[in-house]
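K.L.:
Chain by chain, the residues:
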Amino acid sequence: MNAVMTAEAPVHGADRLHGRRARKGRPGRGAFWLIAPALVLIGVFLVLPYLNIIGMSLRPTAVGAPYGAGFTLANYANALGDGYILGVLADTLLLGVTTVPICLLLGYPVAYHLARTRSRWGGLLYVLVLSPLLVGVVVRSFGWLILLSGNGVINRALIDLGLISTALQLMNNRLGVTIALVHVFLPFMILPLVGVIQSIDPTLEQAARSLGASRLKVFWRLVLPMSWPGIQAGTSLVFVLTLSAYVTPVMLGGAQVKTMSVLVVQNLIDNFQWPAGAAQALVLSACGMVAVWLYARLTGRFMKGLQ
Amino acid sequence: MSASAPTRTATGRRTTRVSLDGLRKRFDNAPAPAIAHLDLKTEEGEFISLLGPSGCGKTTTLRCVAGFEFPDEGRVRLNDEDITDLPPEKRDIGMVFQNYALFPHLTVWRNLAFGLEMRGIGKAECKRRIDDVLAMVQLTAMAERYPRQLSGGQQQRVALARALVIEPRLLLLDEPLANLDAVLREDMRVFIRELQKRVGITTLYVTHDQSEAMVMSDRVAVMLGGRLLQFDVPEAIYMRPRSVEVARFIGRSNLIEGRVEGLTDEPGPYPTYRVSTALGSVPASHDQPLATGQPVHVTIRPEAIRWRNDGPYAGLVQSAYFLGSTVEHMVQCAGGQSLLVQTSPGQRAEAGAEAAFAFDPGHAWIIAAAP
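Chains as they are written, first to last, in the working numbering: chain A, 885 to 1191; chain B, 173 to 543.
This list has only true hints and no planted wrong ones.
Below, in silico cross-link-like pairs of lysine-lysine (DSS-like), each with a Cα-Cα straight-line distance of 25 Å or less:
| # | chain 1 | residue 1 | chain 2 | residue 2 |
| --- | --- | --- | --- | --- |
| 1 | B | K262 | B | K299 |
| 2 | A | K1101 | B | K295 |
| 3 | B | K295 | B | K262 |
| 4 | A | K1188 | B | K295 |
| 5 | B | K299 | A | K1188 |
| 6 | A | K1101 | B | K299 |
| 7 | B | K262 | A | K1101 |
Derived by calculation from the structure, the hints in this document are not laboratory data. Keep in mind the model is a prediction, meaning the values are calculated, not measured.
Next up, chain A with everything else stripped away, as it sits in the complex (with noise of 0.2 Å):
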């Protein structure tokens, strides 16, 4: 890659001198073959096997292959008038909206801290925020577990200080499964956050303290204003990553809590009905999809001057 750059470098050069202005701003042959790997791998790993699924939903059910001859919309209308495959889609975006607020409440002060402290611990806490990521998903959840069970850590601990008598419900249900969530996609919340607030220049705050602004009116006015775009990606992420999220509502949401992965996964591998699975994929996919534009139509005004 390095090659085609120091190859392109002399032509550019030219250009200017002859000044051969009709081709500034266009991406060069260069640009292109330096996104070619990455479009390659975006063609054969999503494009091809979305447009498979796509395929896939339209056909009809079969038994003992995939799907069987013919084209038909059954499967759509199955997901969408069956009041059951509603219902978990209902659910499924409800623990979005509910995984994503807390993980903003949770997020924004670490992140605020992250962005401007200068002490030599600052390091640590990074590791410790991107720690939810270094261990797999499934022992990540079989450590809330130990934790969240009936018999588990919390409830031992209260029942012998004598807080409780009986052990609370805090797993097999949507919240052990939200509070598993928002440990995991606390950091992709923070993440973004911290890049934005850093890019805050400090002197703002101070032009608008001399201006009469107290420390609090600061925050209001100025600085979650101006947290936007990070609020924006951060929510976004967090929000689409819970709705597909398969292993912890799986684990820590027991028969109570199903989701649409979860659905999704059962039709595909249990119930071998691999175009209705399918279709109900897709009818999560286009919904995660239709929010996350609706949302970031909504909040592009607050950001009008920040771009």
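Given the coordinates of chain A, assemble chain B onto it according to the supplied hints.
P.N.:
Below, chain B without anything else, positioned relative to chain A:
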């Protein structure tokens, strides 16, 4: 009028006297204090420059007045009110930052409204004041733009307007012209000075650019190493430096060591002494009594020296550099003393020539303080 009551200028603004008493500030882990000791008092409506090289303590001083730093010792007073311990938002001081510090997520209008909203000022009054101040900085048409859509000079004027619209007691400017190109900088000097005169607001201006300080200020405070070296009108700073450091820092100057021989009876605004130097016995002025035999420096500005065939001093011209409006000569004189001589291009002397010269005792100034 009592000493504490603020007077009002023609435009109805309050004016303020600033006084810094025995200010001292040392940052953690710093080998030397940022401000070693500082006393400074302004008059009402004065434009004061804090001038010095970087690290002289001028910005720290300004930040102590603004409330972003708190001095270890000493008091900051506006009129007779002690504001040393007040947080910045309670000080009612307008500040313009070097990078303008405009709020990027707000339009020009909302930037200006920010300080007014913090003061709970009503909508109608907000609009009147913002309209006024936008007209003053000639940016009425830009009210709905975002800062990033403005040029550097326009951003500068918005920053100025934002500081003035709250009608503060005092205006602080921290190297506001440092990020502008040379031509715009010259224009903005005049613009800021005219605006300040019109508004009549007491102003502290931090700069390392001496010509900026000279052009704009009523008085200049020259700082070095956290101390105030001299605080006087620009002409006095230039013509009558109190220390070798000031003479060196302000403009270019020839410093000649010598000893006072005695007082002469030459006429002039200040008493003229004769000083024995490497050049011989030279006449020079000073406003304080000097003892015979006292070691002193004589400072002579390069432009105060003229070629004169019957001049009392002579030297060998070593170099002559043409600078456009002037020519700078380096002249090697008796006793190893070299002098910088600045003349008009018509008076150019060639390198290698012997040249005789003279200067007016009124333009030779004695610095009595030990170097």
